[in-house]
Amino acid sequence: MGPLTALLVRDMRMAVRVGGGALIGVVFFLMVVTLVPFAVGPDLALLARIGPAVLWLGALLANLLGLDRLLTSDYEDGSLDLILMARMPVELAVAAKALAHWLTTGLPLVIAAPLLGILLNLDPKASGAVALTLLAGTPALTFIGLIGAALTVALRRGGLLLAILVLPLNTPVLIFGVAASNTAIVGPMPFGPPFAVLCALSLISMVIGPFAAALALRYGLD
Amino acid sequence: MLELQALDLACVRAGREVFADVEFAVRGGEMLAVTGPNGAGKSSLLRLIAGLLAPARGQVTLHGAAAEYTVGEQAHYVGHLDAFKPSLTVEENLAFWKAVLGGGNEVRGALAAVGLDALAHLPALYLSAGQRRRLSLSRLLVAARPIWLLDEPSSALDAAGVTMLGEVMGAHLAGGGLLLVAEHGRLARAPTRELQLGRATAAARRSRGQA
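Just so you know, the sequences run in chain order P and F. Under my numbering, the residues of the first sequence are numbered 1 to 222, in order. Under my numbering, the residues of the second sequence are numbered 1001 to 1211, in order.
FYI, nobody ran anything at the bench for these hints, they're computed from the structure. The model shown is predicted, which means the values in this text are computed figures rather than measured ones. Errors might be hidden in some of the hints.
As the list claims (entries may be wrong) - Distance windows between CB atoms, simulated:
#, chain 1, residue 1, chain 2, residue 2, range
1, F, Gly1170, P, Ile204, 52 to 58 Å
2, P, Arg156, F, Ala1144, 33 to 39 Å
3, P, Asp123, F, Gly1104, 53 to 59 Å
4, P, Pro42, F, Ser1128, 54 to 60 Å
5, P, Leu169, F, Arg1193, 49 to 55 Å
6, F, Gly1185, P, Ala200, 34 to 40 Å
7, F, Gly1170, P, Arg17, 36 to 42 Å
8, P, Ala200, F, Ala1014, 41 to 47 Å
9, F, His1063, P, Ala200, 45 to 51 Å
10, F, Gly1170, P, Leu169, 51 to 57 Å
Stated by the list, open to error - If you only want the chain F side, here are some residues facing chain P, beta carbon under 10 Å, derived:
#, residue
11, Leu1032
12, Arg1047
13, Leu1052
14, Glu1068
15, Tyr1069
16, Tyr1077
17, His1080
18, Phe1084
19, Ala1095
20, Lys1098
21, Gly1102
For glycine and all other residues, C-beta sits at the position ideal for the given N, C-alpha and C.
Same shape as in the complex, but just chain P (with noise of 0.2 Å):
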């Protein structure tokens, strides 16, 4: 097994072991789903009105629950050091742990996304245009979340930090991710424009993620 498979092997086996946080990300985005309705009525036409909106808002907010220990836990730990050490790029090696991420946290609620879907009065038609923006649209919130979790990896409790660094980085995301989902759904506008800018936000930031994260790893230890 070569170094990269190894380090995404071993955080998708953590993540799914005790204490690890590949359920916790699903089952955070339903709790936020399921409060919505409550909070808004149950006005059927509503719901399904800002039903892309309140998934794709959840699947954020669920995302960045395991940001804060994507680093910080092989720093703490003493990881970290000998990652450093070891013959690979740290550029390959930080993607190789944002991709652990979004397969234990960024898929799992793509999938969940269609089912939740019907909490909000969504058709089939419109869970499966959110499934598929959020699958376009997640990778880009985990590795935008990996420059944030690189520049915050030495701080004890960073995690609010990290949010408040990473948030408004993901706006656009938001934006456009929900935008698609809304054209794919009413219309008017055509699917094919908003979502070709999602997909290339996430190509974009997975470029640029881990060079950044790597960057803010080698200046910032001490």
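Dock chain F against the given chain P, drawing on the hints supplied.
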């Protein structure tokens, strides 16, 4: 011949000079003991050689080894933190470090060498401090790297553990590796040479003050 050389090394942390004008050379098969009082910069020196801290001045070079790797990529570092995940088993933890550090040796063999083979399937959470230290030391055995940087390697080890550590260190030196050990108490093995931090640094500071 492998040789690790440090020239005019200085370390500044949080604006305070920890040490300066540190020079040494260690060849393959030699062991350098880094000594000095608390706060003299023993750990900082090892982290600096590992590439985990940037030197304020000076440089560390390794002669006679594969040029495409940095000194840190040729070195093992055993520090105060043990870098093991409590939710993974002893064997999973070590197999992970074997893959990451580029090892070619057997995980089971390394565990047997440090006396942990009976606990291979136990989550690392349940290990005692001494057992965690033994597991850290087993990392040295799964991947062959010529430089070992050991920061208080015998802390929490029992007498048998210290003997085991001495044997492992001896085998590494016999294989042409080099060894830097920072230790307060009794060393597991007699060093080839010694680098005293703290006193030399104070002298250097005085001489700079006069100049």
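Query raised in the report: How does the Cβ-Cβ distance of Leu169(P) and Arg1193(F) compare with 49 to 55 Å: does it lie in that range?
Result: Holds - the Cβ-Cβ distance for Leu169(P) and Arg1193(F), about 52 Å, lies within 49 to 55 Å.
Requested in this report: Check the following: the C-beta atoms of Arg156(P) and Ala1144(F) are separated by a distance inside 33 to 39 Å.
Outcome: holds, 37 Å
Requested in this report: Indicate whether the distance between the beta carbons of Gly1170(F) and Arg17(P) respects the range 36 to 42 Å.
Outcome: holds, 38 Å
Query raised in the report: Is 45 to 51 Å right for how far apart the beta carbons of His1063(F) and Ala200(P) are?
Result: For His1063(F) and Ala200(P) the Cβ distance comes to about 48 Å; the hint holds.
Query raised in the report: Using the C-beta atoms of Gly1185(F) and Ala200(P), is the stated range 34 to 40 Å upheld?
Result: violated, 59 Å
Requested in this report: Would you check whether Phe1084(F) satisfies its interface hint, that is, whether its CB is within less than 10 Å of any CB in chain P?
Outcome: With a closest approach of 7 Å, the Phe1084(F) hint holds.
Query raised in the report: Once the shortest beta carbon distance from Tyr1069(F) to chain P is found, is it less than 10 Å?
Result: Cβ of Tyr1069(F) sits 6 Å from chain P, so the hint holds.
Query raised in the report: Does Leu1032(F) pass the interface check with chain P, least Cβ-Cβ distance below 10 Å?
Result: Leu1032(F) check fails; min Cβ-Cβ to chain P is 19 Å, beyond 10 Å.
Query - Cβ separation of Gly1170(F) and Ile204(P), checked against the hinted range 52 to 58 Å - result: holds, 53 Å
Report task. With a cut-off of 10 Å on the beta carbons, see whether Arg1047(F) makes it to chain P. Result -> holds, 8 Å
**Report entry** Interface hint for Lys1098(F), Cβ within 10 Å of any Cβ on chain P
**Finding:** holds, 8 Å
Query - Hint check, Tyr1077(F) versus chain P [nearest Cβ-Cβ separation less than 10 Å] - result: OK, holds: Tyr1077(F) within 10 Å of chain P, min 6 Å.
Checked against the numbered hints above, the structure breaks hints 6, 11 and satisfies the rest.
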